[in-house]
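Taking the hints into account, I'd like the entire structure generated from these sequences.
2 protein chains.
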Amino acid sequence: MNGRLRDDEVVVGGDARQRYYDSSGYGRPLGGQEIALSRVEAAYLLFKGDIDSVVRDGSASRGESDDEEMGFRAFLADAGGEIVARFLVYADLRDRGFYLSPDREGWVDAPRSNDDFVVYPRGKGPWDDAVLYRIRVVGERADVSAEELGDAVLAVVDEESEITYLETDEADLRGSSGTDHPHGVAADLLDDRVLVWDPPAALHERGFYGQPLDARDGDRNRSGVLQLSLVEAAYLAREGVLSLDAETVRERGREVERGRFDRRLRVYRALRERGIVPKTGFKFGADFRTYADVESVDDLGHSECLVRVLPADHVFSPRDLSLDVRLAHGVRKRMIFALVGPNEQITDWISVSRLTP
Amino acid sequence: MNGRLRDDEVVVGGDARQRYYDSSGYGRPLGGQEIALSRVEAAYLLFKGDIDSVVRDGSASRGESDDEEMGFRAFLADAGGEIVARFLVYADLRDRGFYLSPDREGWVDAPRSNDDFVVYPRGKGPWDDAVLYRIRVVGERADVSAEELGDAVLAVVDEESEITYLETDEADLRGSSGTDHPHGVAADLLDDRVLVWDPPAALHERGFYGQPLDARDGDRNRSGVLQLSLVEAAYLAREGVLSLDAETVRERGREVERGRFDRRLRVYRALRERGIVPKTGFKFGADFRTYADVESVDDLGHSECLVRVLPADHVFSPRDLSLDVRLAHGVRKRMIFALVGPNEQITDWISVSRLTP
Numbered sequence: 001m002n003g004r005l006r007d008d009e010v011v012v013g014g015d016a017r018q019r020y021y022d023s024s025g026y027g028r029p030l031g032g033q034e035i036a037l038s039r040v041e042a043a044y045l046l047f048k049g050d051i052d053s054v055v056r057d058g059s060a061s062r063g064e065s066d067d068e069e070m071g072f073r074a075f076l077a078d079a080g081g082e083i084v085a086r087f088l089v090y091a092d093l094r095d096r097g098f099y100l101s102p103d104r105e106g107w108v109d110a111p112r113s114n115d116d117f118v119v120y121p122r123g124k125g126p127w128d129d130a131v132l133y134r135i136r137v138v139g140e141r142a143d144v145s146a147e148e149l150g151d152a153v154l155a156v157v158d159e160e161s162e163i164t165y166l167e168t169d170e171a172d173l174r175g176s177s178g179t180d181h182p183h184g185v186a187a188d189l190l191d192d193r194v195l196v197w198d199p200p201a202a203l204h205e206r207g208f209y210g211q212p213l214d215a216r217d218g219d220r221n222r223s224g225v226l227q228l229s230l231v232e233a234a235y236l237a238r239e240g241v242l243s244l245d246a247e248t249v250r251e252r253g254r255e256v257e258r259g260r261f262d263r264r265l266r267v268y269r270a271l272r273e274r275g276i277v278p279k280t281g282f283k284f285g286a287d288f289r290t291y292a293d294v295e296s297v298d299d300l301g302h303s304e305c306l307v308r309v310l311p312a313d314h315v316f317s318p319r320d321l322s323l324d325v326r327l328a329h330g331v332r333k334r335m336i337f338a339l340v341g342p343n344e345q346i347t348d349w350i351s352v353s354r355l356t357p
Numbered sequence: 001m002n003g004r005l006r007d008d009e010v011v012v013g014g015d016a017r018q019r020y021y022d023s024s025g026y027g028r029p030l031g032g033q034e035i036a037l038s039r040v041e042a043a044y045l046l047f048k049g050d051i052d053s054v055v056r057d058g059s060a061s062r063g064e065s066d067d068e069e070m071g072f073r074a075f076l077a078d079a080g081g082e083i084v085a086r087f088l089v090y091a092d093l094r095d096r097g098f099y100l101s102p103d104r105e106g107w108v109d110a111p112r113s114n115d116d117f118v119v120y121p122r123g124k125g126p127w128d129d130a131v132l133y134r135i136r137v138v139g140e141r142a143d144v145s146a147e148e149l150g151d152a153v154l155a156v157v158d159e160e161s162e163i164t165y166l167e168t169d170e171a172d173l174r175g176s177s178g179t180d181h182p183h184g185v186a187a188d189l190l191d192d193r194v195l196v197w198d199p200p201a202a203l204h205e206r207g208f209y210g211q212p213l214d215a216r217d218g219d220r221n222r223s224g225v226l227q228l229s230l231v232e233a234a235y236l237a238r239e240g241v242l243s244l245d246a247e248t249v250r251e252r253g254r255e256v257e258r259g260r261f262d263r264r265l266r267v268y269r270a271l272r273e274r275g276i277v278p279k280t281g282f283k284f285g286a287d288f289r290t291y292a293d294v295e296s297v298d299d300l301g302h303s304e305c306l307v308r309v310l311p312a313d314h315v316f317s318p319r320d321l322s323l324d325v326r327l328a329h330g331v332r333k334r335m336i337f338a339l340v341g342p343n344e345q346i347t348d349w350i351s352v353s354r355l356t357p
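Read top to bottom, the protein sequences are chains A and B. Here the first sequence is numbered in the UniProt record's numbering, starting from 1 and rising by one per residue. Here the second sequence is numbered in the UniProt record's numbering, starting from 1 and rising by one per residue.
Please note: incorrect hints may appear among the correct ones.
Said to hold, decoys possible - To give an idea of the chain B side of the interface with chain A (calculated C-beta under 10 Å), a few residues:
#1 Glu-68
#2 Phe-72
#3 Leu-76
#4 Glu-82
#5 Ala-85
#6 Leu-88
#7 Asp-95
#8 Glu-140
#9 Ala-201
#10 Ala-202
#11 Lys-283
#12 Phe-284
#13 Arg-319
#14 Asp-324
It is worth saying that the hints were derived from the structure and are not from the lab. The structure displayed is predicted, hence computed values, not measured ones. Yeah, the Cβ is synthetic: ideal placement off N, Cα and C, and Gly gets one too.
Structure representation (structure tokens):
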């Protein structure tokens with residue numbers, strides 16, 4: 001079976017509709033037995049030997065004699081390197097037993113220009129309505145805008161052509177941690193931390209604020225000095241819990257972290273307001289790790305999420321994304337990105353996780 | 001027992017030499033029973049209640065009446081916030097049962113200005129010659145210059161005053177993977193990868209170059225097309241293995257990665273020359289993962305290291321360092337940083353790992 005390259009599609013006649021579309025979900029029907037294949041679909045069928053060759057449409061009628069029958073190698077070279085990454089992802093998903101279509105007009109209803117493929121659930125195909133994933137193919141060197149995440153699966157093709165699938169979703173974080181606090185507690189701002197010399201027990205024990213100065217596991221001296229981070233202290237000062245000037249603490253935070261501090265404080269407050277306790281995520285390279293349901297520090301569960309705070313216009317390198325997601329996966333936490341706009345609006349909470357299709 | 005603050009030291013008399021230095025490794029002997037404590041040591045003894053208070057030296061003789069006896073809180077405030085981080089590390093190591101001294105003139109022989117503490121092996125102290133660690137204390141917001149790593153333990157104090165110890169060493173990587181290659185193999189440069197249409201089997205099977213296009217685990221089609229990354233192809237082209245122009249491949253690499261490509265290629269070559277096989281570290285957020293002893297891809301062991309390639313003048317954020325080291329630890333690999341100078345000299349190989357003192 002041969003195909004004819006017409007513009008950006010490969011047209012196949014004969015029994016193509018029955019053979020490729022009806023029975024295997026390739027291409028889109030043109031009427032009768034004819035179908036159109038995208039270049040990626042055609043490359044895959046050439047690679048598999050299910051199409052023998054492709055010729056440029058009309059070349060014979062134009063009397064061109066140098067127009068060859070293209071096999072897989074020539075077809076790839078003709079298409080230009082830019083289809084290689086999409087071909088690799090298409091082939092990977094096909095080899096895993098999925099049917100999928102280009103996410104474009106003629107192939108799917110309501111195509112999304114940002115995405116490359118629509119993947120159907122196993123056993124389903126382009127003649128069904130069900131969609132399993134919308135896939136966006138990116139090379140490992142591409143720029144990935146944070147604002148474009150949240151409703152697609154990224155298929156990252158690395159330099160050795162291995163594919164990592166990253167599922168991105170909107171995240172809705174909720175918890176049940178308490179928020180009743182003492183008021184007017186004395187504290188000292190010392191460099192980039194705050195010391196509370198005579199802390200009410202509830203502050204750490206129930207609110208999980210700060211860290212006792214004299215804490216060894218199994219030997220927590222709750223009556224002793226409590227250390228607070230600047231972000232904890234700035235939040236508590238504004239709530240009236242500490243008798244420190246909130247703006248002074250915030251200024252100190254800006255001195256040591258610049259704009260990042262305000263973004264982190266904004267997200268810290270939002271998490272507390274949702275009943276979630278944020279603690280430092282430093283050991284995981286993140287801004288926060290979070291606990292959704294803290295009743296007492298004596299009965300802390302596993303922290304559920306790692307949160308990285310980013311400006312809303314952040315552009316990811318896929319490699320950094322891969323690093324964060326891999327680490328979170330290894331410690332059994334969800335990786336969450338909190339995006340903060342220029343007016344301290346949180347524009348989005350996005351979760352990213354590894355996916356094995 | 002009380003101390004007198006003189007310049008940057010606290011002088012203690014009475015039976016101080018016997019009580020603090022001989023029996024517990026605090027301070028440095030001044031002659032007779034007198035010893036001098038660094039501010040950090042004095043703060044710790046005040047915190048523990050082993051010194052009652054500190055007064056400013058000579059304040060009584062100067063007739064100053066407002067000079068108070070400082071307890072722990074006043075002493076910390078007087079010292080300024082900058083000693084807090086060092087105090088936390090000092091206290092942590094003391095609480096773990098170590099003796100340690102400030103890494104400075106008068107306390108230790110050959111002090112190193114970059115480091116903060118000399119830690120003695122358990123059971124040893126300042127009167128012995130043995131040194132277990134040289135500790136450098138940094139806040140999580142500090143800048144850590146890559147060139148200064150390799151011979152000290154970083155004690156990173158995070159915003160919640162938790163301490164992460166990162167041991168840094170010079171790394172000497174060696175392997176036994178073979179280097180005999182075929183020559184003049186035809187290949188196509190397609191966008192940001194290279195396809196070898198008829199690869200000699202040894203290229204992948206013994207050299208572990210590239211990735212078969214039609215590879216599914218357990219069903220490797222070795223006779224098929226082989227995909228090479230740009231860095232693999234640039235190396236192989238220069239070695240004469242590929243019949244591609246080496247400079248053309250390198251130019252393509254620079255187009256897609258800018259200066260990073262030349263640094264990565266330099267490190268790739270160095271690893272191959274040491275008998276080590278580098279493969280992409282993308283899934284781990286690194287440049288390479290490495291295999292020291294590849295005989296055949298059918299018998300691949302676990303990769304031993306993750307390598308991140310950096311310009312020699314790179315400055316780490318401790319948080320990024322923590323992220324890399326944590327991930328490497330989780331997947332049981334050594335984290336290695338390869339530093340490349342402006343003339344493509346590899347100036348250093350540094351390993352960084354978590355340490356529990």
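### chain A contact restraint on B/Lys-283 - CB to CB distance below 10 Å
holds (6 Å)
#### Entry: Status of the hint placing B/Leu-88 at chain A (closest C-beta pair under 10 Å)
It holds, given that the least Cβ distance between B/Leu-88 and chain A is near 8 Å, below 10 Å.
### Query
Given B/Asp-95 was flagged as interface, is its beta-carbon under 10 Å from a beta-carbon of chain A?
Hint on B/Asp-95: holds, closest Cβ of chain A at ~6 Å, below 10 Å.
### Task
Identify whether the interface hint at B/Ala-201 stands, where standing means a beta carbon of chain A within less than 10 Å of its own.
violated (18 Å)
### Task
For the hint on B/Glu-140, just tell me whether its beta-carbon gets within less than 10 Å of chain A.
Hint on B/Glu-140: holds, closest Cβ of chain A at ~6 Å, below 10 Å.
### Query
With a cut-off of 10 Å, does the beta carbon of B/Phe-284 approach a beta carbon of chain A closely enough for the hint to hold?
At about 6 Å, which falls below the 10 Å cut-off, the nearest Cβ of chain A leaves the hint on B/Phe-284 intact, so it holds.
### Task
Against chain A, run the beta carbon of B/Glu-68 and see if the smallest gap drops under 10 Å.
violated (16 Å)
### Task
Using Cβ atoms only, decide whether B/Arg-319 comes closer than 10 Å to chain A, and label the hint accordingly.
With a closest approach of 5 Å, the B/Arg-319 hint holds.
### Query
Does the nearest C-beta of chain A fall within a distance shorter than 10 Å of the C-beta of B/Leu-76?
holds (7 Å)
### Task
Verify the interface restraint on B/Glu-82: the C-beta must sit less than 10 Å from at least one C-beta of chain A.
holds (6 Å)
#### Entry: Agreement of hint B/Ala-85 with chain A interface, Cβ distance less than 10 Å
Since chain A brings a Cβ to about 8 Å from B/Ala-85, closer than 10 Å, the hint holds.
### Evaluation of the interface hint that places B/Ala-202 against chain A, nearest CB under 10 Å
violated (18 Å)
Checked against the numbered hints above, the structure violates hints 1, 9 and 10; every other hint is satisfied.
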